[in-house]
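Assemble the whole structure, with the sequences as input and the hints as a guide.
Residues in the sequence shown are numbered consecutively from 56, following my numbering.
Among these hints, one or two may not hold up.
Said to hold, decoys possible - Listed next, the in silico DSSO-like pairs over lysine-lysine satisfying Cα-Cα at most 30 Å (straight line): (1) Lys389 - Lys314; (2) Lys513 - Lys389; (3) Lys284 - Lys314; (4) Lys175 - Lys284; (5) Lys503 - Lys389; (6) Lys284 - Lys323; (7) Lys185 - Lys175; (8) Lys175 - Lys323; (9) Lys185 - Lys284; (10) Lys513 - Lys503; (11) Lys323 - Lys185; (12) Lys513 - Lys284; (13) Lys284 - Lys389.
Calculated from the structure, these hints are not laboratory results.
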Amino acid sequence: MLPDSSTISGVAAAAANRAPQKKRGSYNCGRCGLPKKGHVCPSTDGQPLPPRSDLRRALSFDDDRASPAPPVEVADLAVLATPLLEAQLEAEEAEEVVLVGDGIVPLACLAEVLRRLSPKELMGAAAVCKGWRECVKRVWRSAEELRLRVSPRSQIGFVGSVLHKCAGLARLSLRMESDVDATMLACVAFSCPSLEAFEISIADSAVNRMTGDELCRFVGEKRSLSILKVEGCTNLGFLNLCSSSLSTLWLSDLYCLSKSVINCPNLKEISLDFTRQENDSTDIVTMMDSLGRTCPRLRNTHIASIRLCNEAVLALASANLRSLRMLSLVLGSKITDAAVAAIVSSYQSLELLDLSGSSITDSGIGMICNVFPQSLSRLLLALCPNITSSGIQFATAQLPLLQLIDCGMSICVVTSQPEEDKSHISEGSKELKWCQKPMTKPQPIYQKLIIKHGYLKKLSLWGCSGLDALYLNCPELNDLNLNSCTNLHPERLLLQCPNLENVHASGCQEMLIGAIRNQVLNEFSAAENILPCKRLADGSKRVQVPHFLVQQSSEDEKRKRVRRGQCTVHVE
56 MLPDSSTISG VAAAAANRAP QKKRGSYNCG RCGLPKKGHV CPSTDGQPLP
106 PRSDLRRALS FDDDRASPAP PVEVADLAVL ATPLLEAQLE AEEAEEVVLV
156 GDGIVPLACL AEVLRRLSPK ELMGAAAVCK GWRECVKRVW RSAEELRLRV
206 SPRSQIGFVG SVLHKCAGLA RLSLRMESDV DATMLACVAF SCPSLEAFEI
256 SIADSAVNRM TGDELCRFVG EKRSLSILKV EGCTNLGFLN LCSSSLSTLW
306 LSDLYCLSKS VINCPNLKEI SLDFTRQEND STDIVTMMDS LGRTCPRLRN
356 THIASIRLCN EAVLALASAN LRSLRMLSLV LGSKITDAAV AAIVSSYQSL
406 ELLDLSGSSI TDSGIGMICN VFPQSLSRLL LALCPNITSS GIQFATAQLP
456 LLQLIDCGMS ICVVTSQPEE DKSHISEGSK ELKWCQKPMT KPQPIYQKLI
506 IKHGYLKKLS LWGCSGLDAL YLNCPELNDL NLNSCTNLHP ERLLLQCPNL
556 ENVHASGCQE MLIGAIRNQV LNEFSAAENI LPCKRLADGS KRVQVPHFLV
606 QQSSEDEKRK RVRRGQCTVH VE
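Laid out in structure tokens, this is it:
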């Protein structure tokens with residue numbers, strides 16, 4: 056029977072905790088597992104065993120055991136072999152067996168189990184015996200993707216030894232819980248010559264100390280690198296990236312870039328997220344102008360900065376990026392309807408448009424609907440205080456392909472202004488006198504939202520405290536966010552959405568939550584009798600129909616009951 060991964064993990068952990076013993080050869084046959092003394096392996100029919108070809112070893116596990124280093128905390132390991140390498144390993148493992156407990160299993164089966172272990176467990180498995188060690192080395196060598204969480208206790212040398220074992224590594228993701236600098240970049244560049252995708256995420260307690268010169272040198276030297284994602288880029292200072300292979304670039308926490316040049320002609324997706332600090336001196340207008348000229352194949356663009364303005368949008372629009380399909384310009388409070396006019400005049404086939412945090416109005420929404428009725432499927436207008444429920448209703452009516460719309464914190468409570476003090480002239484003295492009217496309390500103005508759409512799947516209205524009525528008729532809607540809709544009245548809520556799966560109602564009134572559950576879960580009808588009733592022949596009273604007379608409901612009613620039972624109301 057093939058051992059499961061839990062059994063392998065237990066054996067590996069026990070072996071890792073044992074004290075190192077004296078090195079010696081195995082007393083058992085490497086093919087059948089029987090003792091070598093006076094033994095003729097039955098798998099060869101009495102013929103001498105052919106010499107075994109040792110595969111190339113990146114680093115020896117014996118060296119690692121001789122000088123133990125602090126452990127690397129591991130999140131996950133994805134072992135994906137290329138077809139050529141996988142065929143080679145299967146051919147080498149076809150006739151080999153290895154000892155597991157009191158029995159033997161084919162080496163290929165053991166390798167398949169070991170591929171499901173984490174790197175830390177693999178290191179323990181390598182200390183079990185020589186056969187397991189060789190199998191673990193083959194697993195390391197076939198790995199294409201590796202995800203590591205590096206703890207503060209770990210040393211760069213040990214991380215390098217782990218990377219050296221993966222000769223064919225193509226995708227690497229590091230979760231850094233300690234500070235990262237150019238030493239880590241040099242280690243990755245030396246250990247992973249064929250790296251295609253590289254990602255660094257930074258924990259809250261860690262600091263990214265890489266400079267712009269070090270990052271640009273790393274990108275320039277990695278000719279095969281196509282995906283780069285780095286967090287915590289506060290200390291870069293400048294950017295001068297030049298790569299013909301890079302297709303995806305994500306940089307977050309950017310701050311005060313004195314120069315920002317990204318010369319990547321094959322770049323298709325870019326995400327630049329700047330810090331929310333007011334003293335950020337990055338020239339966004341110059342950066343957007345350079346980005347449009349040096350990256351002509353951009354399809355997805357995301358820029359998040361409080362320094363975004365109409366001039367920056369105009370600079371990007373002047374580049375005439377014909378392949379652009381997704382445009383996200385977030386947190387630009389200085390972006391107005393003039394920037395929307397530049398967008399709709401330059402791009403004709405946008406599928407996603409995100410202008411969250413801008414100052415556009417319902418007029419800007421009208422321009423968007425007039426240009427993108429046959430392409431736009433996702434519209435995000437969160438934190439836009441100048442739009443109203445009328446603009447949102449117009450967007451849902453004019454965009455038939457819309458599948459997602461986010462209007463969080465956009466429909467807020469508006470208070471009416473109190474009347475000013477008025478003057479009058481007294482009849483006796485003909486003098487101008489001021490009459491102080493009593494100050495009236497400002498009255499809040501609420502709005503209602505009515506949406507009827509055949510393809511809408513996700514609707515987000517989080518924080519829309521200005522809504523007091525909501526009517527939805529969306530057959531395909533499966534996710535509704537009503538978090539913090541504090542003024543929405545339960546009796547003014549109507550949800551005609553049979554495919555709803557998730558409703559988020561955190562921070563809402565208890566009566567509103569009850570109304571939502573009543574409509575999407577039908578909880579209040581659960582106490583009714585399930586068996587149907589009928590009157591007697593004389594019509595005197597109602598009695599329950601016996602079980603053997605109960606007819607089955609129609610298929611449509613069954614589907615409706617199943618759909619209602621799948622919906623979940625999230626209140627925390």
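Verification of the supplied hints:
1. Lys389 - Lys314: holds, 23 Å
2. Lys513 - Lys389: holds, 28 Å
3. Lys284 - Lys314: holds, 20 Å
4. Lys175 - Lys284: holds, 25 Å
5. Lys503 - Lys389: holds, 28 Å
6. Lys284 - Lys323: Given that 30 Å is the threshold and the Cα spacing comes to 14 Å, the pair holds.
7. Lys185 - Lys175: holds, 18 Å
8. Lys175 - Lys323: Violated - the C-alpha atoms of Lys323 and Lys175 are around 36 Å apart, more than 30 Å.
9. Lys185 - Lys284: violated, 39 Å
10. Lys513 - Lys503: At roughly 19 Å apart (the allowed maximum being 30 Å), Lys503 and Lys513 satisfy the hint.
11. Lys323 - Lys185: violated, 47 Å
12. Lys513 - Lys284: Roughly 28 Å separates the two Cα atoms, so the pair holds.
13. Lys284 - Lys389: Given that 30 Å is the threshold and the Cα spacing comes to 28 Å, the pair holds.
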